[in-house]
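Line by line, the protein sequences give chains A and B.
Numbered per our numbering, the first sequence spans residues 8 to 73.
Numbered per our numbering, the second sequence spans residues 1319 to 1476.
Think of the hints as simulated: they come from the structure by calculation, not from any bench.
Here a beta-carbon is modelled for each residue, glycine too, at the ideal position from N, C-alpha and C.
Any given hint could turn out to be false.
[To be verified] Beta-carbon label-pair distances, calculated as ranges: (1) E70/A with I1398/B: 31 to 41 Å; (2) N72/A with F1348/B: 47 to 57 Å; (3) N72/A with W1333/B: 39 to 49 Å; (4) F1433/B with M8/A: 36 to 46 Å; (5) M8/A with W1333/B: 35 to 45 Å.
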Amino acid sequence: MNNKIKVERAIHNLTQEQLANLVSVTRQTINAIELKKFVPSTVLALKICRVFNKSVDEVFSLESNE
Amino acid sequence: MKPLLLPNRLKNIGWILLLPSFVAGLVFIFFENKLPNTKINVFGFFGDAILSNKLEQLFRVSSVDLIPNLIGICFLIGGILVMFSKEKKEDECIIQLRLNSLQWSIFINYSLLLFCFLLVHGLAFLNVMVYNMFTIIVIYILRFQYLLFNHTIVKDEQ
Chain A
8 MNNKIKVERA IHNLTQEQLA NLVSVTRQTI NAIELKKFVP STVLALKICR VFNKSVDEVF
68 SLESNE
Chain B
1319 MKPLLLPNRL KNIGWILLLP SFVAGLVFIF FENKLPNTKI NVFGFFGDAI LSNKLEQLFR
1379 VSSVDLIPNL IGICFLIGGI LVMFSKEKKE DECIIQLRLN SLQWSIFINY SLLLFCFLLV
1439 HGLAFLNVMV YNMFTIIVIY ILRFQYLLFN HTIVKDEQ
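Bound-form chain A, shown alone (with noise of 0.2 Å):
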């Protein structure tokens, strides 16, 4: 599953640490799904997106072969 968080993090001048901290995960969790190493809970995205003011297809999205 591809996503945009690196670029709505830069958009909105947030750090991977404190994204992390609003929304209740570890630094790490935030950087392993950036780097697609992990998919996300539906919670959690929706999470993700309450941040960013966006709707989760603005920042996630299927890759091609799903």
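Starting from the structure of chain A, add chain B where the hints point.
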């Protein structure tokens, strides 16, 4: 659904019990004959009475070796505390690592057991059963600590 996990403070107690009992277990395996006799009388279930048709003696006071039992109890309590205590910040990514570690430990445990079924026979298999009681805990902890280490060491990209 939240997983059933113990408070983080129990993890250190778990390590304190697990590591010495692991070392003591190894010492016991290699130097069993040189250790002093520590037999004590305890009340419990003694299955050997079934073989001799003395069913009234199933539950009785009998002499057992204290050291291996004590090591086993400490190892299991320590292992369970280490396995099931929360990390300082437990999130869904850590839960995923736990699941992966559990899958690995079950898979390797039963692969080893299958291997032993094919190659180990007779009374020697009793030893396999003894070690097999602890392999799930050992493999889970090794795998989980390895994954956790890799998870924690991330590129400092802010």
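>> A range of 31 to 41 Å was offered for this pair. Does it hold for the Cβ distance of E70/A and I1398/B?
In response: Holds, at about 40 Å.
Between N72/A and F1348/B, does the C-beta distance stay in 47 to 57 Å? holds, 53 Å
- F1433/B paired with M8/A, Cβ distance criterion 36 to 46 Å: holds, 38 Å
Inset, instruction - With 35 to 45 Å as the target window, see if M8/A and W1333/B comply at their CB atoms. - result: holds, 36 Å
Item to complete: Hint says 39 to 49 Å; check whether the CB-CB distance for N72/A and W1333/B agrees.
Response: holds, 43 Å
In summary, this structure violates none of the numbered hints.
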